[in-house]
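Given the structure of chain G, go ahead and fit chain B onto it with the hints provided.
Spelled out from the first residue to the last, the chains are:
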Amino acid sequence: MLLNAIILLPAAAALIAGLVPWPRLRPLLVPLTALTHLGLVCRALAQGPITPSHAMLGLDPLGGLTLLVVSLLYAVSSLYALGYLRCHHDWDNRIFTACLLLFLSAMSLATLARHLGLLWVAVEATTLVSAPLIYYNRNKFSIEATWKYLLLCSVGIALAMLGILFVAYASLLGHGEANIQLDHLLANAPLFSVPWLRAGFVFLLVGFGTKMGLAPLHTWKPDAYGEAPGLVGGLLAGGLTSVAFLAILRAMQIMTAAGEQAIARQCLLALGVTSLLFAALFVIRQRDIKRMLAYSSVEHMGILAIGVAVGGLATYGAMFHMFNNALTKGSLFMSAGNIHRHYGSKRQCEILGSLAVLPVSAGVFLAGFLAIAGSPPFGVFLSEFTILRGIFNTGHPLLSGGFLLLLTVIFIGMAGTVLPVTLGPTYDQQGTPGNHHETLLTAGAPLLLLLAVLAAGLYLPAPLKNLFANAAALLEVTP
Amino acid sequence: MHNLPDFILIAVILLNFFLLGTSRLGACVQAVALQGALLSLLPPLLSGPTVHALALSGGAFCLKGLVIPALLLRAIRKLDISREIEPRIGYIPTLLLVALFTAAAFVFGDRLPLLAAHLHSLIIPASLATLAAGFLTLITRRKAITQVLGYLIFENGIFVFGMLLAEAMPLMVEAGVLLDMLVAIFVMGIVMNHINREFSSSIDTDHLNLLRE
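Residue numbers (my numbering), protein chains in the order written: chain G, 1 to 479; chain B, 1001 to 1213.
Treat the hints loosely; a few may be bogus.
If the Cβ cut is set under 8 Å, some of the chain B residues that face chain G in the computed set are [as the list claims (entries may be wrong)]:
1) V1051
2) L1100
3) F1101
4) A1144
5) E1155
6) I1158
7) L1165
8) E1167
9) A1168
10) M1169
11) V1191
12) E1198
13) L1210
Note that these hints are calculated values from the structure, not bench results.
Built from N, CA and C at the ideal position, the CB exists for glycine as well.
So here's chain B without its partners, still in its complex pose:
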């Protein structure tokens, strides 16, 4: 059983590939939810069942796994969109890029100056690969909602990195970070709704080009 964290981290990396390879938005949201939920299991597994780890785990599970995905799924239903059409870079090239970045993350992760306990751990490569996947989603997708997903994937990558630093943040601050994230998604959801209304039922960010020099 002690390989469970590694198993979770590998699942997280595989989910990155799934996220960038699928065009169905509902599936994307569910994959991000699964990624978040899996990650939220890590704190107690890595640093033992302390109060801090359990609280962080519970909070992250509720937010990343349940509340935020529910908000996004509702937005998809309300805005009546199901697919990302024509990403800026096609699905095959993005998948190749993710593969490239993931490989680079593994090579690079081994060369960093790390504590002996963290050498050859999957945390650094998984974190870097997820950060790269988040960035790729932000850059290559046109829909406002996929950009929000990119932001969430990016946050997941940061969360993985945070696993190296069990108690760097007091619990109150962790709670603040999670709360900020929830409010961010909430506000982004409202703004998406307004974009949809202003630009005749579309949340393509390509319409957002009225303001330029």
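In isolation and in its complexed conformation, chain G is listed as follows:
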């Protein structure tokens, strides 16, 4: 009942948004829905896992963690959305608002799905409802980004469907039944036909990996994140990637249950390391702040993949990192959006020294950069350090050395862009009319997210810690 409400509430709100004729009141639906949604999610999590056996919907720690991350990020972003849509009050916001709400519904469905087919339907739905969001600026660049995003992700997801069918065939061949409900799969996994299962895993990894943006399947990412409004970039980089990661983790769960964990980890590790390499190569001399953030997202997807691939303590670190990455990315994209909107540009040379002009947004952008790069005392530092300790524990000296080296390169590369943009000599077309200045909502929301990441670094509440530990446990132990 509660789970149905979590999915249907935003969908119903989207329907209302499509029907009400008042463009000025319509944006209010977003924060109202998002905050209620967050309340429902917290209530569901407080009740503990809800996993009726062999049901289509359920809430286990892994899905619950992802749902919490998505809902929290979305709730804060919804405040920003209110301010953002007020800036553009003369643009038609009917489709944008409806899609924004449907996006929350589809992501919630993906986190609660206990059936691989339903999971697929939800993830594909997220692609379709987010495409109009990327195209909100309506120019040549954003249409190109939207097309690439739509086509690449749809084909990627189609590959994932093939992977799901392969897993179903592995089950059919192994014990005579092609049921792809998750509990069913986990219980019978040891009997599965190994070649089909492995093939299925590879297709699932490539398919959902495209959606998550692991290199070398990330090519749509800089374009889509670069051209989408900051609000949407944050939701994609923080929320949607976590959902896609969850889909990969479901595939990992099945492989672990089948006793094929080693090979699954190797595949994931290879993609993770490639992602770090690509991010390090492209983040250097990146002069476009939003594209830079996109490569940073590729980096952090790589870190998540490596964390789960190494296992043990690093898996716990990866769960914590998913939380930190989502909130920090939201904060960074929204503050970058404020800078972009004020200057009408996101190129480094045209937005130098923004700290003097937009003190809060540029300040949050600078602090967010320090946070995402892993400086103490932010939460990202703790989670990255936990993953690093996990790598050392399992005795991969080469991997840990390379991991540290690449992180340092990316830090320096990002600093080369972020420091001039925020602290450099000021260049502002003072008094140009029509410049959007930061408001309480648009500057407050990214600040709020950053404070949450800071709080997570200083003190982690016990229920949150348990949630991370329980989610990690699902990936470690054979049920």
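Quick look at chain B alone, frame taken from chain G:
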């Protein structure tokens, strides 16, 4: 009559060749529609006339055979395009590639570990060949609309593979999958319209190269 499924699968493979060999977009859309419509007849033929099979068959027929082709034909008329000019790889080389992939699909299909009932069935080769044809269309063609067709052919290949697994997906999920596909084509159609407007009446994806490092 019990050879009807095999006949359909062979027709599907032959349509792949037709699709990659013709430059007329209208004919391409009709061929994809025919492919989809033929495939939608398979579920009741292979697993008997159960409610599940009949519903899936009806839904797939309406969508793959009627609604989606109608959407695409309307887009072609609206955008006023009739031919794919200069594919990235010429028609003869692509046809040779399809032939190669189809042969490989037959050889490879026989070596897979399969249930006894599925040995020497045409389902696996037809599925693999159609997947390959879809990929080739996606890679070698420049027009946005042919790329959408490639995606549809690819989906058809997945549908054929699904025939091995009669009841893996509950009906509700099948409906969701089909609905997602319809919405995908709908959204792609809208985006194509906007590409056409932004890039002065052309949906060549070669214009989509403004964003690079």
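Self-check item: Interface hint outcome for B:E1198 [beta carbon to chain G under 8 Å]
Solution: Nearest chain G Cβ about 5 Å off; hint holds.
Quiz item: Can B:A1144 be said to touch chain G, with a Cβ gap under 8 Å?
Solution: holds, 7 Å
Exercise. So, B:L1165 near chain G? Judge it on the closest CB pair being under 8 Å.
Key: Status holds, d = 4 Å.
Quiz item: Against chain G, is B:F1101 within 8 Å by beta-carbon distance?
Solution: Violated, because the Cβ-Cβ distance from B:F1101 to chain G comes to roughly 16 Å (cut-off 8 Å).
Quiz prompt | Cut-off 8 Å, beta-carbon criterion: hint that B:V1051 touches chain G | solution = Violated. Min distance 18 Å.
Self-check item: B:L1210 as chain G interface residue, shortest Cβ-Cβ below 8 Å
Solution: Holds, about 6 Å.
Quiz prompt | Hinted contact B:E1167 with chain G - closest CB pair below 8 Å | solution = holds, 7 Å
Quiz prompt | Interface hint compliance - B:L1100 to chain G, C-beta minimum distance less than 8 Å | solution = violated, 21 Å
Practice problem: Grab the minimum C-beta distance from B:E1155 to chain G and call the hint holds if it beats 8 Å, violated otherwise. | Solution: holds, 6 Å
Quiz item: Per the CB criterion, is B:A1168 less than 8 Å away from chain G?
Solution: holds, 4 Å
Exercise. So, B:V1191 near chain G? Judge it on the closest CB pair being under 8 Å.
Key: holds, 6 Å
Quiz item: Can the hint on B:M1169 be confirmed by a CB-to-CB distance to chain G that is less than 8 Å?
Solution: holds, 5 Å
Hint compliance for this structure: hints 1, 2, 3 are not met, and every other hint is.
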